[in-house]
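Q: If you're matching them up, the sequences are chains A and B in order. All you need for our numbering is the position in the first sequence, starting with 1, plus 1. All you need for our numbering is the position in the second sequence, starting with 1, plus 5.
Calculated from the structure, these hints are not laboratory results. Hints should not be assumed to be uniformly reliable.
To be verified - Interface residues of chain A toward chain B, partial, derived using beta-carbon atoms under 10 Å:
| no. | residue |
| --- | --- |
| 1 | L29 |
| 2 | P31 |
| 3 | P142 |
Positions of the beta carbon are idealized from the N, C-alpha and C atoms, including for glycine.
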Amino acid sequence: MNSFGIFLTLAVFYLFSKFYEKRKVFYLNPVLLSIIVISLILKGFKISYDSYMESARFISFLLGPAVVSLAVPLYKQRHIVKTYAKEISVGVVFGGLLAIASAFYIAKWLGANLDVLLSIAPKSITTAIAIGVSEKIGGIPALTAVLVILTGILGNAVGVELLNLARIKDRVARGLAMGITSHGLGTARIILDDELSGAVSGLGMALNGIFTSLVLPYLIELLK
Amino acid sequence: MYKGLAIIFGFLFMGEAIAEIFELSVPGNVIGMMLLTLALLTNIVKLEDVEREAEFFVRNMSVMFIPPGVGIVLYWGLIKSQAIPIFGALIVSFLLTLLLTAKFVELLRGEKK
Numbered sequence: 002m003n004s005f006g007i008f009l010t011l012a013v014f015y016l017f018s019k020f021y022e023k024r025k026v027f028y029l030n031p032v033l034l035s036i037i038v039i040s041l042i043l044k045g046f047k048i049s050y051d052s053y054m055e056s057a058r059f060i061s062f063l064l065g066p067a068v069v070s071l072a073v074p075l076y077k078q079r080h081i082v083k084t085y086a087k088e089i090s091v092g093v094v095f096g097g098l099l100a101i102a103s104a105f106y107i108a109k110w111l112g113a114n115l116d117v118l119l120s121i122a123p124k125s126i127t128t129a130i131a132i133g134v135s136e137k138i139g140g141i142p143a144l145t146a147v148l149v150i151l152t153g154i155l156g157n158a159v160g161v162e163l164l165n166l167a168r169i170k171d172r173v174a175r176g177l178a179m180g181i182t183s184h185g186l187g188t189a190r191i192i193l194d195d196e197l198s199g200a201v202s203g204l205g206m207a208l209n210g211i212f213t214s215l216v217l218p219y220l221i222e223l224l225k
Numbered sequence: 006m007y008k009g010l011a012i013i014f015g016f017l018f019m020g021e022a023i024a025e026i027f028e029l030s031v032p033g034n035v036i037g038m039m040l041l042t043l044a045l046l047t048n049i050v051k052l053e054d055v056e057r058e059a060e061f062f063v064r065n066m067s068v069m070f071i072p073p074g075v076g077i078v079l080y081w082g083l084i085k086s087q088a089i090p091i092f093g094a095l096i097v098s099f100l101l102t103l104l105l106t107a108k109f110v111e112l113l114r115g116e117k118k
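All chains should be built: construct the whole structure from the sequences, respecting the hints.
A: Here it is as structure tokens:
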């Protein structure tokens, strides 16, 4: 039964994304729902994760070329990078470090163990890169994947409202903060608000992914 | 199609090789992405040669998170016993990062005017 994991993943995701298309509410995030339902199916039928992963690995293998492919949207937005070079670069360094340090120290203060600290540190970068970074620094990639998605859902759900409450009016500041904090799901929400904010958010996400993957492995040694 | 795929996998391979040879902690795919961005900027690779294939991968990325995400079943006990630090840190860090980054960038831009 070599194709079981692939079939299950694609079928469940297909159903939930169809559902999401009809009712676009943040808590119906098709990736999160698919993870939950497939986990329950494995549990219910007493199927081990390993035997599911044996064939589903083929799907996640494609994350490698997908991350490389992020070069294309990045390249296409190069004029925005040039226009806002200063705010984007300083913002990514500030926000990227803040996201890592705040997650790490708050979790530590609340009594998290090392596995959890290493898994939560990359929570603000795009899932594809976060999984690789978590693996590199000795975290639990599965836990990181779920925490990243939850962070994205938070941004998608309440990010714009929070920025309004805090009276942040600057479109570049709003977009950049959203992309750096809540990656793709945050970007998907703020782009509905304002196109420039959305473009800056996408760039913030991509550059924060690169920045975090470059500094986190070294930074984590200091934080520990 | 094969040209685009060969370029994407070629850069992935290069990124992985560099990460391994220099024993870098950066994931090979991120290095591959940076190299491909540079190659596009310097016209070594033409956008139209990789555009369709790259957009296919990027558009369909979310399904690829599911198998690693399902790995969460192996850590159910850990999450239950650490629920407060995990979710406390997640929410507070989210609030701090979003609001302080936005405020910081706004101040940065205000000064320029």
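Q: Next, verify each hint and record whether it holds.
A: Okay, the hints, checked on the actual structure:
Of the supplied interface hints, the one on A:L29 is violated, with its beta-carbon coming no nearer than about 13 Å to a beta-carbon of chain B, more than 10 Å. About 7 Å separates the beta-carbon of A:P31 from the nearest beta-carbon of chain B, less than 10 Å, and the hint is met. Because the closest C-beta pair between A:P142 and chain B is about 5 Å apart, less than 10 Å, the hint holds.
Hint 1 from the earlier list is the only one contradicted by this structure; the remaining hints agree with it.
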